[in-house]
Amino acid sequence: QQPVQSPQAVILREGEDAVINCSSSKALYSVHWYRQKHGEAPVFLMILLKGGEQKGHEKISASFNEKKQQSSLYLTASQLSYSGTYFCGTPSASTGNQFYFGTGTSLTVIP
Amino acid sequence: GAVVSQHPSRVICKSGTSVKIECRSLDFQATTMFWYRQFPKQSLMLMATSNEGSKATYEQGVEKDKFLINHASLTLSTLTVTSAHPEDSSFYICSASMPGGLKTQYFGPGTRLLVL
Chain A
990 QQPVQSPQAV ILREGEDAVI NCSSSKALYS VHWYRQKHGE APVFLMILLK
1040 GGEQKGHEKI SASFNEKKQQ SSLYLTASQL SYSGTYFCGT PSASTGNQFY
1090 FGTGTSLTVI P
Chain B
846 GAVVSQHPSR VICKSGTSVK IECRSLDFQA TTMFWYRQFP KQSLMLMATS
896 NEGSKATYEQ GVEKDKFLIN HASLTLSTLT VTSAHPEDSS FYICSASMPG
946 GLKTQYFGPG TRLLVL
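One line per chain: the protein sequences are A and B, in this order. Quick note on numbering: the first sequence equals residues 990 to 1100 in our numbering. Quick note on numbering: the second sequence equals residues 846 to 961 in our numbering.
Treat the hints loosely; a few may be bogus.
Just so you have them, the derived chain B footprint on chain A, three or more residues with Cβ under 8 Å [unchecked claim]:
id	segment
1	1000-1013
2	1019-1025
3	1029-1039
4	1058-1067
In case anyone wonders, no lab produced these hints; they're calculated from the structure. Where is the CB? At the ideal position from N, CA and C, for every residue including glycine.
Same shape as in the complex, but just chain A:
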């Protein structure tokens, strides 16, 4: 049930762009994105509700391809504060009651 994310880890210099992918073997009806700083709880970034939807939050945006069962998170002109581990998450396709997080992508932005 757990979505797979790629890459597992990425190191960027300030100002560079990154793409994080989230892929599921099961149908996705919605995709959530979260960021977790070390030792802290995850923080909600955005939710995508239907196929083809794109959303943006400052310089962080995401797309959702329902047919391909994939979502991608785009970070442009990265800032030091973007460092952390990014998780996609999705409700269970069968029951809708459980919630599963992806494998995670560690992002480190260096000066």
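Keeping the supplied structure of chain A fixed, place chain B upon it in accordance with the hints.
For chain B alone, kept in the frame of chain A given last:
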């Protein structure tokens, strides 16, 4: 809004003892609460989903007799780790979602459990 508290934030206990972790939604009624466990440098693994007034739904491989979950009200869920052992040491995080279909997770700050 959408604040979730978790207590305690950190606990150290001896092997064989039980530990109770509380999760509260402070400014909304949570129809569903989730309990996750996270080992270092790994993802959050769902342990169980609980709805107020009903039995929790445990994920495969999670012992329901070891990890007791009680969801007595719309704002409080508790996780009790019974007869804790060193391998139970982990970061336990609860989350709550509001009524409706979006299932957006609002997380508590987590509880770091160390079993000696």
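To see whether the hints hold, each was checked on the structure:
no. : hint      : verdict
1   : 1000-1013 : violated (count 0)
2   : 1019-1025 : holds (count 3)
3   : 1029-1039 : holds (count 7)
4   : 1058-1067 : violated (count 0)
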